[in-house]
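Heads up: the protein sequence lines correspond to chains F and C, in order. Residue numbers 222 to 589, in my numbering, belong to the letters of the first sequence in order. Residue numbers -7 to 275, in my numbering, belong to the letters of the second sequence in order.
Simulated from the structure, these hints should not be mistaken for laboratory data. Do not rely on the hints blindly, as some may be mistaken.
[Said to hold, decoys possible] Chain F side only, calculated, beta carbon under 8 Å to chain C, not exhaustive:
#: 1; residue: ARG299
#: 2; residue: ILE424
#: 3; residue: SER425
#: 4; residue: ASP426
#: 5; residue: ALA467
#: 6; residue: ASP473
#: 7; residue: ALA476
#: 8; residue: PHE477
#: 9; residue: ARG483
#: 10; residue: GLY486
#: 11; residue: ARG526
#: 12; residue: GLY532
#: 13; residue: ALA571
Note that this is a predicted model, so its numbers are computed, not measured. Glycine included, C-beta positions come from ideal geometry on N, C-alpha and C.
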Amino acid sequence: MSPPVAPSLAPAPDSGAGARRASFTPAGTWRPGGRYVLPLAVFLLLTSIAAAVAVGSADLSAADVLRSVGTHLGLPARPLLPLPDSIVWDLRLPRVLLAALVGAGLAVCGAVLQALTRNPLADPFLLGISSGASTGAVAVLVLGIHVGAGPVGLTTGAFAGSLAAFGAVLLLAGRRAVEPTRIVLAGVAVSQLFSAVTSLIVISDAHTQDTRGVTFWLLGSLTAASWPAVALCAVVTGVGLLVCWAAATALDAFAFGTDTARSLGFSTGRTRLLLFGVTALVAATLVAASGAIGFVGLTVPHAVRFMIGSGHRTLLPACAVTGATFLIWADTAARTVFSPQELPVGVLTAVLGVPVFALVMLRRTATP
Amino acid sequence: MTGWDATGGGRATRDGRDGGPHVAGPRPALLRADQIGWGVAGVRILAEVALTAEPGATVGLLGPNGSGKSSLLRLLAGLARPDSGLVLLDDVALSTLSRRALSRRIAVVTQQAVTDVEMSALEVVLLGRIPYRPRLAGVAAADVALARHALAEAGLAGFEQRRWSTLSGGERQRVDLARALVQEPDLLLLDEPTNHLDIRHQLDLLQFLSESATTVVVTLHDLNLAAQYCDRLVLLHAGRVAAAGAPAEVLTADRIAQAYRVRADVDTAADGRPRVRYRRPGS
């Protein structure tokens, strides 16, 4: 890059900045090797799914996994024996897929909320979702709420709790709910309220056994994975991610605040409300299926941003794939490291995630 | 030659027939604000403000802190709606135009308080092309060429990949202006664009604005620079227009004393424009 014509106007040229990051593509990736990151990540995700299903106390190979999956999909594969087949198809595969969906959904929700509120500390549970879910779950488990004839499931209770919390946040934020500061403050207040209610229920009425179950579930656990849960999460997360991706350009424009986004042609209030609603719904569905798995939604977006930049058209898909892969391995570790004892996956996401994140941060500081 | 090319270099053809950075005929807008009033939470900020910017003119908006300059600029940009009165762009009320239509005609440079954005200078400038892009489309190569060109015009060639967070205040100001220029506005609104700029860059910027074919409304604190470079001045005081007209009509010792509570001597410079010299308080 040659210096500008008028020397007096030319600030000290940033020597080699242009050359160092040469792999520019019009698609929106600016970083070195940016264009290879996504295909590579998708390949890694698919490999991870196959490998993670193979890992576990029952000895299975990746080939066994493929044979079982092939059989169930009606492909001409040699069937496995019933027991290993059931382990793959009924136990491990739904669990691994649920991990992938939860990881993908949480990471994207985190990225969207961070952009929308311009707050790097925003995470998918910003809007009171997780504390609402815990209140719902505890209420069902401890108080044994019944609707009609049957008991309400833990999942249903958690989902209802999250939506109630989000509703309370919107109510508290009032007519100007689309202002990020207001909705964040309302989220904090509602979270505190629901946490207090949860504690109240537990202290007043819980048996030790119940409390333990609730705690385990709240730290995040994918043990309850089933095909119906996978299907539900796939639909909600899939639609949610598409909506968010469609708003990628708007999210870019929000970086400089409401006025700039508006002057670039976006109806900022409507966009915010839509995205707050979608992320709340996705997060509530995922929390109901797996508990509030922390760390993924907060840090995966930052790590991915460090690597490929903050353009949301590439950032959001990259977050989805990275979050999915990350949670698959965290959950695999959670169920195998202390086997047969199982750890809450939320513990593992932090233990695995913090060093990775620290590494990315250090590297990033070294090369500004 | 200055870094800001006042002939309109960097403007792409509006219909995009040829994607390269070519000169297109600007279509400067006629801006009129008619008796507008505005308030926040019951506090009156602006009352009965009238303002006209002829096509291609550079209008300077003056006034002490809190006189309503930034608020007026937001209303002129269509970022907020006046409680009373109308803002008209080529005789069409802003409120009848869609946000997207507005974004292709009006570009705004607000006062930048944002420091922690993880975007490169080029990415920031490319934001200015969003109004011309289908909503789901990525960045086109032509837009990239245009953005690079605009950065070079702003004297920031070689800064493409520099992160916003590593730029100085003046560099940010110029990147943001480049972003507004690639928006190809018919009306350019700038809120204290000379902030953070050294004197050379201030002069270059104002020279560029005064020669630019686009209609410009710019808030300024430096009365002498405003007198030198603006075709018309509007002096706001307590949310009302205290004076409007040619620089010599607006910048009188009385008006300056009234609005700014500063005693000043005003004489006429060699170029026929008023020149303000301030007296030390108490002297």
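Here's how the hints hold up against the structure:
no.	hint	in the structure
1	ARG299	44 Å, violated
2	ILE424	41 Å, violated
3	SER425	43 Å, violated
4	ASP426	45 Å, violated
5	ALA467	6 Å, holds
6	ASP473	6 Å, holds
7	ALA476	5 Å, holds
8	PHE477	5 Å, holds
9	ARG483	5 Å, holds
10	GLY486	3 Å, holds
11	ARG526	6 Å, holds
12	GLY532	6 Å, holds
13	ALA571	24 Å, violated
Checked against the numbered hints given earlier, this structure breaks hints 1, 2, 3, 4 and 13; the rest are met.
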